[in-house]
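J.: Listed here are the chains, written in short residue letters.
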Amino acid sequence: GQQVMQIPQYQHVQEGEDFTTYCNSSTTLSNIQWYKQRPGGHPVFLIQLVKSGEVKKQKRLTFQFGEAKKNSSLHITATQTTDVGTYFCAVQAYSGAGSYQLTFGKGTKLSVIP
Amino acid sequence: DTAVSQTPKYLVTQMGNDKSIKCEQNLGHDTMYWYKQDSKKFLKIMFSYNNKELIINETVPNRFSPKSPDKAHLNLHINSLELGDSAVYFCASSHLQTQSPSSNYGYTFGSGTRLTVV
Numbered sequence: 001g002q003q004v005m006q007i008p009q010y011q012h013v014q015e016g017e018d019f020t021t022y023c024n025s026s027t028t029l030s031n032i033q034w035y036k037q038r039p040g041g042h043p044v045f046l047i048q049l050v051k052s053g054e055v056k057k058q059k060r061l062t063f064q065f066g067e068a069k070k071n072s073s074l075h076i077t078a079t080q081t082t083d084v085g086t087y088f089c090a091v092q093a094y095s096g097a098g099s100y101q102l103t104f105g106k107g108t109k110l111s112v113i114p
Numbered sequence: 001d002t003a004v005s006q007t008p009k010y011l012v013t014q015m016g017n018d019k020s021i022k023c024e025q026n027l028g029h030d031t032m033y034w035y036k037q038d039s040k041k042f043l044k045i046m047f048s049y050n051n052k053e054l055i056i057n058e059t060v061p062n063r064f065s066p067k068s069p070d071k072a073h074l075n076l077h078i079n080s081l082e083l084g085d086s087a088v089y090f091c092a093s094s095h096l097q098t099q100s101p102s103s104n105y106g107y108t109f110g111s112g113t114r115l116t117v118v
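Respectively, the protein sequence lines represent chains A and B. If you're matching positions, the first sequence starts at 1 in the numbering used here and goes up one per residue. If you're matching positions, the second sequence starts at 1 in the numbering used here and goes up one per residue.
Among the hints, erroneous ones may be present.
As the list claims (entries may be wrong) - Cross-link-like lysine to aspartate or glutamate pairs, in silico, EDC-like; alpha carbons within 20 Å at most:
#, chain 1, residue 1, chain 2, residue 2
1, B, Lys-9, B, Asp-85
2, A, Lys-109, A, Glu-17
3, B, Lys-71, B, Asp-18
4, A, Lys-106, B, Glu-24
5, B, Lys-9, B, Glu-53
6, B, Lys-9, B, Asp-38
7, B, Lys-41, A, Asp-83
8, A, Lys-57, A, Asp-83
9, B, Lys-71, B, Asp-30
10, A, Lys-36, B, Asp-38
11, A, Lys-109, B, Asp-70
12, A, Lys-36, A, Glu-67
No lab work stands behind these hints, which were simulated from the structure alone.
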């Protein structure tokens, strides 16, 4: 099935520094989604990217989809302690019988040092 | 007004027991899922189910069985629990995912059930 590699696995930053996590695929993706999971919490949908080269912003978060639709990134400007958590990318994978399932990357765990 | 609710939140049980986790969604979604998250935070799909098809991930042991009494519920039943089943189990729901990516939407997850097998 469809797989994505997500890096880095962990990232420790000083509050106020920027943070970026990357997802890479060996095959062309139809779309990619991003989720955030706070410590002890559940994954929460952030955004979906569909178009080649697409860039979307949510306040301090910037999401990009590569021109070849094989990679994506999530960039956080000036991190805050509220940004702490694990960020996952996720892609649709065909699971048979006309159905699609979401396959998640392994996530990047962000720690912010105040 | 919880969108996807799971019960129980915590479950501690002995090896060999049978247990169930319940999941309900009030979003009107037509597809529900079960995911397993291990200690390394890897999220793995176990099942997806809509009113027509049950898709089972081939790595899931047949001790795990989803049961859906109606579109709003997808319960997870586990037989003969093993130590390796200890994990957090998340239920999720969405509109039917299709081949048209622009019409797909994000999943809504429940708060999770932390299962500990001792």
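J.: Just to be careful, I want the Cα atoms of Lys-9/B and Asp-85/B compared with a cutoff of 20 Å; is the pair within it?
T.: 16 Å, holds
J.: Assess, step by step, whether the Cα of Lys-71/B is no farther than 20 Å from the Cα of Asp-30/B, and give holds or violated.
T.: With a Cα-Cα distance of about 6 Å, the restraint between Lys-71/B and Asp-30/B holds, given a limit of 20 Å.
J.: Has the given pair, Lys-109/A with Glu-17/A, been kept, meaning a C-alpha gap of at most 20 Å?
T.: 15 Å, holds
J.: Lys-71/B and Asp-18/B: Cα distance at most 20 Å?
T.: Distance of about 24 Å is beyond 20 Å: violated.
J.: Run the distance test for Lys-57/A versus Asp-83/A: straight-line Cα separation, threshold 20 Å.
T.: 15 Å, holds
J.: Mind checking the alpha carbons of Lys-9/B and Glu-53/B for me, to see if they're no more than 20 Å apart?
T.: 27 Å, violated
J.: Decide if the proposed pair is consistent with the structure: Lys-9/B and Asp-38/B, CA atoms, cutoff 20 Å inclusive.
T.: 16 Å, holds
J.: Under the criterion that the straight-line Cα-Cα distance not exceed 20 Å, is the pair Lys-41/B, Asp-83/A satisfied?
T.: The given pair, whose Cα atoms are some 17 Å apart, holds under the 20 Å limit.
J.: Below or equal to 20 Å on CA atoms is what counts here, so check Lys-109/A against Asp-70/B.
T.: 36 Å, violated
J.: Between the alpha carbons of Lys-106/A and Glu-24/B, is the straight-line distance 20 Å or under?
T.: 27 Å, violated
J.: Is Lys-36/A close enough to Glu-67/A, meaning Cα to Cα at most 20 Å?
T.: With Cα atoms ~24 Å apart, Lys-36/A and Glu-67/A exceed 20 Å; violated.
J.: Regarding the pair Lys-36/A and Asp-38/B, is the alpha-carbon distance no greater than 20 Å?
T.: 17 Å, holds
Hints 3, 4, 5, 11, 12 from the earlier list are contradicted by this structure; the remaining hints agree with it.
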